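K.L.:
From first to last, the protein sequence lines are chains H and U. Oh and the first sequence: position 117 is 117 in the numbering used here, straight run, nothing missing. Oh and the second sequence: position 362 is 362 in the numbering used here, straight run, nothing missing.
In case anyone wonders, no lab produced these hints; they're calculated from the structure. Since we're looking at a predicted model, the values are computed, not measured. Beta carbons: idealized from backbone N, C-alpha and C, even for Gly. There's no promise every hint is true.
Stated by the list, open to error - Label pairs and their in silico Cβ distance ranges:
{"no.": "1", "chain 1": "U", "residue 1": "281", "chain 2": "H", "residue 2": "84", "range": "41 to 47 Å"}
{"no.": "2", "chain 1": "U", "residue 1": "152", "chain 2": "H", "residue 2": "21", "range": "49 to 55 Å"}
{"no.": "3", "chain 1": "H", "residue 1": "156", "chain 2": "U", "residue 2": "281", "range": "54 to 60 Å"}
{"no.": "4", "chain 1": "U", "residue 1": "17", "chain 2": "H", "residue 2": "156", "range": "25 to 31 Å"}
{"no.": "5", "chain 1": "H", "residue 1": "44", "chain 2": "U", "residue 2": "88", "range": "37 to 43 Å"}
{"no.": "6", "chain 1": "H", "residue 1": "125", "chain 2": "U", "residue 2": "750", "range": "33 to 39 Å"}
{"no.": "7", "chain 1": "U", "residue 1": "12", "chain 2": "H", "residue 2": "84", "range": "30 to 36 Å"}
{"no.": "8", "chain 1": "U", "residue 1": "169", "chain 2": "H", "residue 2": "18", "range": "46 to 52 Å"}
{"no.": "9", "chain 1": "U", "residue 1": "408", "chain 2": "H", "residue 2": "156", "range": "22 to 28 Å"}
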Amino acid sequence: MSSIAVATTINDDDVEFLCQPDETLLDVLRNRLGLMGAKEGCGTGDCGACSVIMDGRLVCACLVLGAEAQGRTIETIEGMATGSELHPLQRKFIEHAALQCGICTPGFLMAAKALLATNPNPTETEIRFWLAGNLCRCTGYDKIIRAVQDAAAEMRGEIS
Amino acid sequence: MSFDAAYQSKVLKSVGTRPLRPDGVDKVTGRARYGADFNMPGQLVARVLRSPHAHAKIKSIDTSRAAAAKGVKAIITAADLPDLTDGNRSLFAILDNCMARSKAMYDGHAVAAVAAIDEKAAKVALQLIEVEYEVLPHVVDVDAAILPDAPVLNDTIFTKGVEPIPKTPSNVANQAEFGHGDVEAGFMQAEVIVERSYKTEQTHQGYIEPHACVASCNTDGTAELWVCTQGHFVYRQTCADLLGLEVSKLRVTSSEIGGGFGGKTHVWAEPVALALSRKAGRPVKLVMSREEVFRASGPTSATSIDVKIGTKKDGTITAAQATLRYTSGPYPDTWAEIGAMTSFACYDLKNVKTVGIEVIVNRPKVAAYRAPSAPMAAFAVESAIDELAHKIGMDAVDFRIKNAAKEGTRASYGPIYGPIGIGPTLEAAKTHPHMSAPLGKNQGRGMACGFWFNFGGQTCTDLNVSADGTVTLAVGTVDVGGSRASLSLIAAEELGIDYQDIKAVIADTSTLGYNDMTDGSRGTFSSSMATISAARNAIEVMRHRAAMMWDIPPEDVYWEDGHAVAAGTKHGNRAPLSVKEIAAAAGNTGGPIAGHSELVADGAGVSFATHICDIQVDPETGSSRILRYTVIQDAGKAVHPAYVEGQYQGGAAQGIGWALNEEYIYGSDGRLQNPGFLDYRIPVCSDLPMIGTQILEIPNPNHPYGVRGVGETSIVPPLAAVANAVSNAIGLRMTHIPISPPRILAALNDAARN
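Based on the sequences and whatever the hints tell you, model everything.
P.N.:
What follows is the structure, given as structure tokens:
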């Protein structure tokens, strides 16, 4: 199969790449573009470790073809911090000990970012159901929820 | 240098605080490098061909068409991994499990592997390998495997541990017995007896990161391995043994590990990747798919357990016994033995007997899963204890308190306990607000206790003081849940400097002495002991350097609060020298300043926990929902309390998943039906409530700060706590884990019919 040329925007940068027609966006990010923050935990859209935001929508990069990125805007974990300044979610995940092994963390952060973009003041239940597509095996989710709640409060201007 | 590990009661400044973890920024920015995040120049991609049969003789493997395919650089079968195990049965089992030799023993068993220029070429090659199988009768169920008509899976297995040794082979690999007293006499004294059988299904650790490694063998006999593992030194030894490499010439670097929970303590892919690299003459990357992880890594045992406990009406247990059958996969192991040891460890019993029976089945080779074997035993025993308490009309907590083990108790598995936490966790449960919170309709509360041994083992650390007075701490226990933070706190405490001035790293196998793996809740326990020892050695060096700087005898210098201090008044009014000042002068006082430590961390204090669970059951559908959950556990000393809480919460969540949902489902053909996270359902965020924690600190007398391991015990009580909660909610005793909606519904329907 011949490769497809794709032009897209990733973390505000114009990016061009060649990929195979059956190659996933996750494989393109990891193997062609060196963006290894998205992880493959299952390859079937069940674990959320590869979560990225495409045109404002939370997606599993393992379920998107690389070719589908044509003309789209992709946000990955590598673009979450602003320079050396961490995003409030990133900071609060560290402060609340919301990660242990950390393999699921980039996915959770992208999912939480997408949540707060649509709902800046989610209830605990809303957070739990929004993040239900992201698996964490270490934390029991307790500290993740608290980190998201705390980050949301800070982003709303309620300094904690 | 001799090291005094005895507990010293003192005020701690750093230990017990909650600073930010040193690996946090890397992990929230996507920079942390896990197993699959590493590449080498010229690297090939490997894929493994796996048996589709549960049990089959491998008659022939023809790799010629695959070898001729474009892009294929190497193909291996068992013939490329010759048997160098020299009669070592457990090492042979690892070898045979890595690559099936004469027979495929389970669905997913590796039979061949390919290294090619990319994944696509490797996958094409797999389809071109022709394996001729003779399918054999299989057995996957623990009880079916020990029936007289079961197919015997290995005709060289004659049950060990029974006298006389049987003359015919069977699927019972070994039998082990523990206990003391006279259980028959004890049951004669009992006024009430509960006797029941329980089952638990096989579960998987469910780490989110699949196994991954990059192997590079050189023609000069040296090799490198990058791998996600809980024990890179152990992997080095095993791989060197299996491949005939010299141990010191194989350098193994542990990546960040994306979860292990015991499942990354054994090699599967690594010897295969090394053998492929050796044959191809190029680096080889091998990453398992999720399906391969489920089918062909190391899940836990399925079990079948009979428990009998007798008590007087005043709540005094007179006798307890259990027979525990555990599957170990296709090879002999000791999982039932461990289960038998743990089963009654929470209680002070005069008459107790446990028998562990190890059962061979056509399932993947079992690996450790967090307090391996203990949760199933606790499920059976704690269910029976709960039922007995109901029968004699005694509160379930009071009944346990009355029979709880204490200091001086002879454990059911042999040793005499020192100071332990089972009593205090039960007392804490009794007064916890959770215990008296109201319950509504269709809701039930359950509680249960759990025990784990904890382990110490061989440990080595290096502590290097840099010229600016900051400190690098190199440890050899893989950080699975925040140990770089906890060990930095320990170093800061002992040296008397700021946590921020310590940088902890996990050293590779060529830069530090041997370390046992991170298992048995030993990471922080044992490496903290070695860190304290190394810090004390560094302090000794710094005392001498300060003496040199002052030109006074070293015995007149003591260490206090991060400074060298000149003793008394005879040396004048000298300002104490800080680590920074001593380090800055090091070039003129004898060179680099370091402290090293090599030790066997003995005296890991045993660990106990009590959990409380509230659940709501929907009688229409059988579905259930955890409403509230509380973990109370003895930590000895919580070094970084936030990560201790994390261990408590994470273990509880895994146990809840095991109790309610998770199970390996095999078809009648012996093939795994649910090798994916969609059908093997681990708890998600919306399944769980916040998980309350209460940390008790009963110091371990064998650690300078009183630390005990905390990582594993939290998974021991949940199966029973959840089962007791469901049983109390619906008024029916649930004896088969997982207590999934169909099982609850079936129990309710059966009860309605009868």
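K.L.:
Of all the hints numbered above, which does this structure not satisfy? Sort the numbers upward.
P.N.:
The structure conflicts with hints 8 and 9, although it agrees with all the remaining ones.
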